[in-house]
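**Q** Construct all of the structure, not just a fragment, from the sequences and the given hints.
The listed protein sequences correspond, in order, to chains U and P. Under the working numbering, the first sequence has 47 at position 46, and the numbering climbs by one with no breaks. Under the working numbering, the second sequence has 10 at position 9, and the numbering climbs by one with no breaks.
One should not assume that every hint holds.
To be verified - If you anchor each label on the Cβ, the simulated ranges turn out as follows:
1. L140/P to R39/U: 25 to 31 Å
2. G187/P to P77/U: 45 to 51 Å
3. R203/U to G220/P: 49 to 55 Å
4. E120/P to F30/U: 36 to 42 Å
5. E120/P to R203/U: 35 to 41 Å
6. P77/U to R161/P: 28 to 34 Å
For the record, the hints were derived by calculation from the structure and aren't laboratory data. Beta carbons: idealized from backbone N, C-alpha and C, even for Gly.
2 protein chains.
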Amino acid sequence: MHKLTHFRLCPHSRSIRILLTELGIGFSFTEERPWEYRQELLAMNPAGELPVLQLQGGTVLCGSYAISEYLAEDQPVAARDRYPLPIFPGSRTDRAEARRLVDWFHGKLNREVTREILEERVYRAYRQSADGAPDAAILRAIRANVRYHMSYIAYLADQRSWLAGDEMSFADIAAAAHLSCLDYLGEVPWDDYEPARIWYMRMKSRPAFRPLLADRISGVAAPRHYADLDF
Amino acid sequence: MHKLTHFRLCPHSRSIRILLTELGIGFSFTEERPWEYRQELLAMNPAGELPVLQLQGGTVLCGSYAISEYLAEDQPVAARDRYPLPIFPGSRTDRAEARRLVDWFHGKLNREVTREILEERVYRAYRQSADGAPDAAILRAIRANVRYHMSYIAYLADQRSWLAGDEMSFADIAAAAHLSCLDYLGEVPWDDYEPARIWYMRMKSRPAFRPLLADRISGVAAPRHYADLDF
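**A** Right under this line is the structure:
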């Protein structure tokens with residue numbers, strides 16, 4: 002069986018968990034705390050980043066980019082209707098649009114929001130470093146960034162059936178993976194971004210999403226609405 | 002003709018300039034200063050990031066990920082020998098390895114080195130902000146990161162013909178694009194990483210690299226060896 006090395010609140014890991022489940026690909030789990038840079042993780046992925054997917058047979062795939070494209074290569078354009086979920090559906094231009102948005106969520110949103118807030122509110126507490134308390138000025142800046150990204154997601158959700166176009170794609174999965182981490186931390190101002198909320202409800206209702214809604218990490222309680230499908 | 006919007010010292014832009022030239026695809030240029038977030042750039046790419054490739058016909062491709070994969074889709078596995086440069090050559094696993102390294106260079110190396118040093122030494126000076134001088138502590142931290150990344154590139158170059166394996170791939174282009182920016186700023190300690198230096202000499206000698214070696218930006222002089230093929 003394939004083995005996924007992940008961390009419960011890592012958005013990149015979550016996107017691959019959802020993707021594998023959507024595709025009906027079975028896998029087992031190992032958890033790593035990415036801030037510990039353990040030798041076992043570095044031996045598999047010298048970048049020390051998550052997720053890592055060890056395929057049955059031994060091949061090791063590192064990072065959501067390599068993993069998602071590896072899986073997408075198994076979906077030749079002519080035969081995409083046969084797959085439970087086309088990872089990058091539509092025309093070549095449609096696929097470029099989905100990839101632009103994957104880059105937005107896994108790159109820009111991660112850099113400006115998710116990575117920073119995980120560092121401030123989760124990793125730092127686990128490390129129990131001397132300066133354990135989150136930095137209020139940094140949190141304020143991140144929360145302003147959240148609003149910018151929510152506006153953009155709401156705009157896309159309002160204009161299109163799915164974030165990248167007419168069909169669900171890996172762009173929706175990547176966005177939902179990040180929002181689910183932020184939502185676990187109570188950091189998403191849903192009320193002001195109705196189209197984004199409705200789109201996220203649809204993502205959250207998918208069976209592939211359910212395992213994420215059951216995740217809990219010690220020391221950080223999820224808000225009551227985190228696992229509600231109608232929130 | 003296709004039109005590339007780029008900035009001369011942007012590593013992502015440079016990787017696409019090299020790639021297009023290697024593939025024999027003609028294009029014209031427009032330059033943007035990414036730190037200005039001009040409306041014209043945001044209208045094409047709401048992320049405000051470079052490069053942006055406007056195809057003849059009007060399709061707009063944003064970011065090195067979407068552009069490189071769009072171009073790679075034009076190279077069906079069965080017919081790759083027909084192309085001047087297979088972007089992701091070899092088996093499916095080989096391609097995952099090349100993508101892991103593209104992610105390393107365009108993601109990790111960018112975050113830990115290139116983006117930070119451009120901010121400190123180039124963008125900040127252009128913006129003429131009140132705190133115009135580079136921060137010495139930040140520069141020290143970045144220069145330690147450069148050594149870590151140079152070790153890894155030297156290790157790969159020592160073990161393999163090209164960074165990702167037996168054939169040149171977009172991973173070599175991405176790595177060389179970052180090193181060329183750092184080298185312009187005199188930030189690469191070549192002497193301590195001989196295999197990396199020899200690999201970079203091979204990249205630098207390619208005709209597709211020549212236009213980058215002629216680039217100059219006002220206010221920052223390139224070191225004498227920057228354009229030397231034998232340095």
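**Q** Against each hint, give a clear statement of whether it holds in the structure.
**A** How the hints compare with the structure:
1. At about 30 Å, the beta-carbon gap between L140/P and R39/U stays in the expected band of 25 to 31 Å.
2. A hinted range of 45 to 51 Å for the beta carbons of G187/P and P77/U is consistent with their spacing of about 47 Å.
3. About 50 Å separates the C-beta atoms of R203/U and G220/P, a value consistent with the hinted range of 49 to 55 Å.
4. Checked against the given bound of 36 to 42 Å, the beta carbons of E120/P and F30/U, roughly 38 Å apart, stay inside it.
5. At about 38 Å, the beta-carbon gap between E120/P and R203/U stays in the expected band of 35 to 41 Å.
6. Between P77/U and R161/P the beta carbon distance is about 29 Å. The supplied range of 28 to 34 Å therefore holds.
Going through the hint list in order, the structure satisfies each hint without exception.
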